[in-house]
Amino acid sequence: MPIQPYGSVAVCRGSRRPLQWQSHWSLPLTAALRLVFMKKPSIAELEEIAHELRVLILKMVHHAKCGHTGGPLSCIDMLAALYFYKMRLDPKNPSWPDRDRFVLSAGHTAPALYACLIRAGFIPEKEMWGLRKLGSGLQGHPKRNIEWGIEMSTGSLGQGMSVANGMALAARLDKRPSRVYSLESDGGAQEGMMWEGAMAAGHYKLDNRVALMDYNGIQIDGFVKNIKDVHPLDKKFEAFNWHVIVVDGHNMKEIVEALDEAEKVKGKPTVLVARTIMGKGVTIFENKPKYHGVAPTDEEMEIAMRELKRG
Amino acid sequence: MAEIATREAYGKKLADLGDKYPNIVVLDADLSCSTKTGVFAAKFPDRFFNMGVAEQDMMGTAAGLAASGKIVFVSTFAIFATGRAWEPFRQSAAYPHLNVKVCATHAGLTVGEDGASHQTVEDIAVMRVIPGVKVFVPADGVETEKVLEEIVKTDGPCYVRLSRAKSPVLFDAASYQFRIGKGNILREGSDLCVFTAGYMTSIVLEAAKKLEEKKISTTVVNMASVKPIDEELIAAMPARHRFLASVEEHSVIGGLGSAVAEVLTARAPARLIRVGVDDQFGQSGDYLAVLKHYGLDAEGVANTILKNIS
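Sequences listed follow chains H and X, in order. Here this note's numbering is used: the first residue of the first sequence is 1, the next is one more, and so on. Here this note's numbering is used: the first residue of the second sequence is 1001, the next is one more, and so on.
Keep in mind the hints are simulated off the structure, nothing from the lab. Backbone N, C-alpha and C fix where the C-beta goes; we use that ideal spot for every residue, glycine too. Do not take every clue at face value.
Unchecked claim - What the simulated footprint calls covered on chain X by chain H, stretch by stretch (three residues with Cβ under 8 Å from a Cβ of chain H suffice, anywhere in the stretch; the number is not a length):
| hint | segment |
| --- | --- |
| 1 | 1044–1052 |
| 2 | 1064–1070 |
Claimed, not checked - Only pairs whose alpha carbons sit at most 30 Å apart, straight line, appear in this in silico DSS-like list of lysine-lysine:
| hint | chain 1 | residue 1 | chain 2 | residue 2 |
| --- | --- | --- | --- | --- |
| 3 | H | Lys39 | H | Lys65 |
| 4 | H | Lys268 | X | Lys1012 |
| 5 | H | Lys175 | X | Lys1012 |
| 6 | H | Lys126 | H | Lys65 |
| 7 | X | Lys1153 | H | Lys175 |
| 8 | H | Lys264 | H | Lys133 |
| 9 | H | Lys175 | H | Lys268 |
| 10 | X | Lys1292 | X | Lys1166 |
| 11 | H | Lys228 | H | Lys143 |
| 12 | H | Lys266 | H | Lys253 |
| 13 | H | Lys266 | X | Lys1043 |
| 14 | H | Lys205 | X | Lys1043 |
| 15 | H | Lys288 | H | Lys59 |
| 16 | H | Lys288 | H | Lys228 |
| 17 | X | Lys1043 | H | Lys143 |
| 18 | X | Lys1043 | H | Lys175 |
| 19 | X | Lys1043 | X | Lys1153 |
| 20 | H | Lys236 | H | Lys268 |
| 21 | H | Lys175 | X | Lys1020 |
| 22 | H | Lys175 | H | Lys264 |
| 23 | H | Lys225 | H | Lys264 |
| 24 | H | Lys205 | H | Lys253 |
| 25 | H | Lys288 | H | Lys225 |
| 26 | H | Lys143 | H | Lys290 |
Generate the whole structure from the sequences, applying the supplied hints.
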C-alpha cells in the first residue's frame, strides 16, 4: 500500500473528515494504530490552533522578560500547518526513525517552535515558564533534544539550510520516507552559507526537502530592504533550481495547499516564499522593527491579550 | 625506512572502514584527490558527497547526516576545515555532540609551496578549545590507521590533523596500540623530555640523536592524543628530567605546547621550552626548506633546545 501524507498524530481532535486508512509498516504497532485513526484538522481548526499558539508564545516571552516577540508571530501560521497538518510525528515515539524532521534555521524564533512542541505533546507544558532560565531545556535558541522533538541546535543564521539538507540526504540514503522541513528567514538569507546550502539542495535534487522562507522584511537593525536587500527571493531560489511557491504566510489555506503541492514535486527541493508580517496578530507589534528582539512589557502584554481574546 | 603521508594512510583506511561500517558517509569540498577521500568515493560512490568549494555547507550537511545516525567523515585542507568551517562545526556539530569526524589534511607548514594561505599553524588551538571535541595528531601512517579505528567507535565530534608530506613509518602495525588520552614514550633519557606529535615526531627522534651527541640524554614522548591529553604521563616527567620541551608544527600559542603547559602548571610546575612557529605566518617553498627556515628541522630543533638549556 502506498504511503500517503498525513498530519501530526498529535492532532486527533475535532475533524469532520472521514477516517483514512494509513499504512506505515516501520512504525511500532501502537503508533501505527494511532495513525490509522488520525484525522486531519480543517483550515478553520488550524487557524484556531495558530491563534492558541500566539497566546502561548506571548505568555512565554513575556514571562522570560526577554527574547523575540516579532519573529515567532510572523512564522507561527506556517509552523502550525507543519506541526498540526503536514508532518508525520509521534510525540509518544519522538525518535521514530521515519519521522519527518523540522530544523528551525531562524533559531531566534524558538518560542514558536516550543509552543508547537508543547501543544503537540512533546514538551511538558510546565516547561514553558523555564524559557531562557538557567538549567531549562528551553534555551534562548534551540538546543537539540530529540525526546522533546527539537531536532537541531540552531541560532547561528544560515546553518539550518545545510543541516536540513544533510538530514534529507540521510533519508534518501536509507530509503526512508522522511521529509525535511526548515524555517528560513530573510535576515538569514544575508548569510552566504544559506546560499551554499540552497545550491547543494538544488544540485542534489532533494525533493524530500522543503524550506519555508519567513519573508517579513525586518531584521534587528531595521528593514531588510534598507540594510541589505535580499529581494527577489523567489527568483534567487528559482535560479538555484528550487521549485518556488509564493504564498501569503498568514493565509492558512495557501500554506496548506503549498505544503501539499511540495509533496508532489519530483527532482527539486521546494521553497515557500511566504510574505509575512512581523508581530502578526497584535496590532501594536505589527511591522515594527523594535519588536524583533524584545519581550512585551506588562502593559503591552495586556493590550496584546485583549486583542487576541477578541480575535 | 618506509615512508607514507598520513593523508595517504587516511584515504586507504577510510575505504577499509567503509566495509565494516555501512553508516560511514564521507564529505569533501573539491579536494578529494588531495585529501585521499577519493579512494572511499571510488569504492562507495553512494556514500560520498562532493559539496563543491563550500566548506561551511559541507560542515552543516555533515551535522544533518550525523543527526540522522551517520558517522560522517569530513575532509578538506586543515585551514579551511578549521578556519572557514569552524563556526558551523562549533554550532551544528560540536554543540549537539554529533558524530562528525573532521579529518583534515595539509596541516602545518609542510604544505610547502602553496604558502601561508594554505598552511595552518592555528588549527589545534581553535579545535581543542571547543567543548567536547577530541583532537588527534597522528605521527605516521600506522598511528593514523589506529586513530581512525578508535574514533569511528567513539561517539561525538573529533578533529584529526593530517599531513601532506611523507614521513617515516615509526610504529609496528601488528603490535602498536593507540589509546585515546594516552601518550607513548618512544625513547627514554634522563636529562630532557620532549613532547611532540604528528610530522614532528620523526624529526624530534632525529634531533634526539643530535642531542645525545651533545651528552643530553633525551626522552621523546609522542602525544597523538592532544585532547584528551595524558595528564598522568606529563605530570610524571618533571621529576625524571632536568629539562622539558615541546615541539610542534603549529604556533607556540595554543597548540600541543600550550596543552602540556596547562597540565604542568596545574599538576607539576616546571619550565617548558616551547618550540614551534613563533607567532608568524608560513610562506612558500619546498616543505623541507620551509621547516628549516622556521627552525623545525632536526638541527633547528636541537639547536633551539640547546640554546635554551645552556
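ask   = Does the segment 1044–1052 of chain X contain three or more residues whose Cβ lies closer than 8 Å to a Cβ of chain H?
value = Since 5 is at least three, the answer is holds.
ask   = Straight-line Cα separation of Lys266 (chain H) and Lys1043 (chain X) no greater than 30 Å?
value = Holds: Lys266 (chain H) and Lys1043 (chain X) sit about 28 Å apart, inside 30 Å.
query = Is Lys266 (chain H) within 30 Å of Lys253 (chain H), Cα to Cα?
reply = 23 Å, holds
inquiry  = Would the hint linking Lys288 (chain H) and Lys59 (chain H) be met if the CA-CA limit is 30 Å?
reply    = 20 Å, holds
query = Given the hinted pair Lys175 (chain H) and Lys268 (chain H), is their alpha-carbon gap at most 30 Å?
reply = 17 Å, holds
query = Checking C-beta pairs, does the segment 1064–1070 of chain X have three or more residues closer than 8 Å to chain H?
reply = holds (count 7)
ask   = Between Lys1153 (chain X) and Lys175 (chain H), is the straight-line Cα distance small enough, at 30 Å or below?
value = 25 Å, holds
inquiry  = For a C-alpha distance cap of 30 Å, please report whether Lys288 (chain H) and Lys228 (chain H) respect it.
reply    = 17 Å, holds
request  = Measure nothing beyond the straight line between the CA atoms of Lys205 (chain H) and Lys253 (chain H); if it is 30 Å or shorter, mark the hint as holding.
outcome  = 27 Å, holds
request  = Would you check the hint for Lys1292 (chain X) and Lys1166 (chain X), treating anything up to 30 Å between C-alpha atoms as holding?
outcome  = 16 Å, holds
query = Holds or violated: are the alpha carbons of Lys268 (chain H) and Lys1012 (chain X) at most 30 Å from each other?
reply = 35 Å, violated
ask   = Would the pair Lys228 (chain H) and Lys143 (chain H) pass a check requiring their Cα atoms to be no farther apart than 30 Å?
value = Holds, because 29 Å separates the two Cα atoms, which is no more than 30 Å.
Of the numbered hints listed earlier, those contradicted by the structure are 3, 4, 8, 17 and 23.
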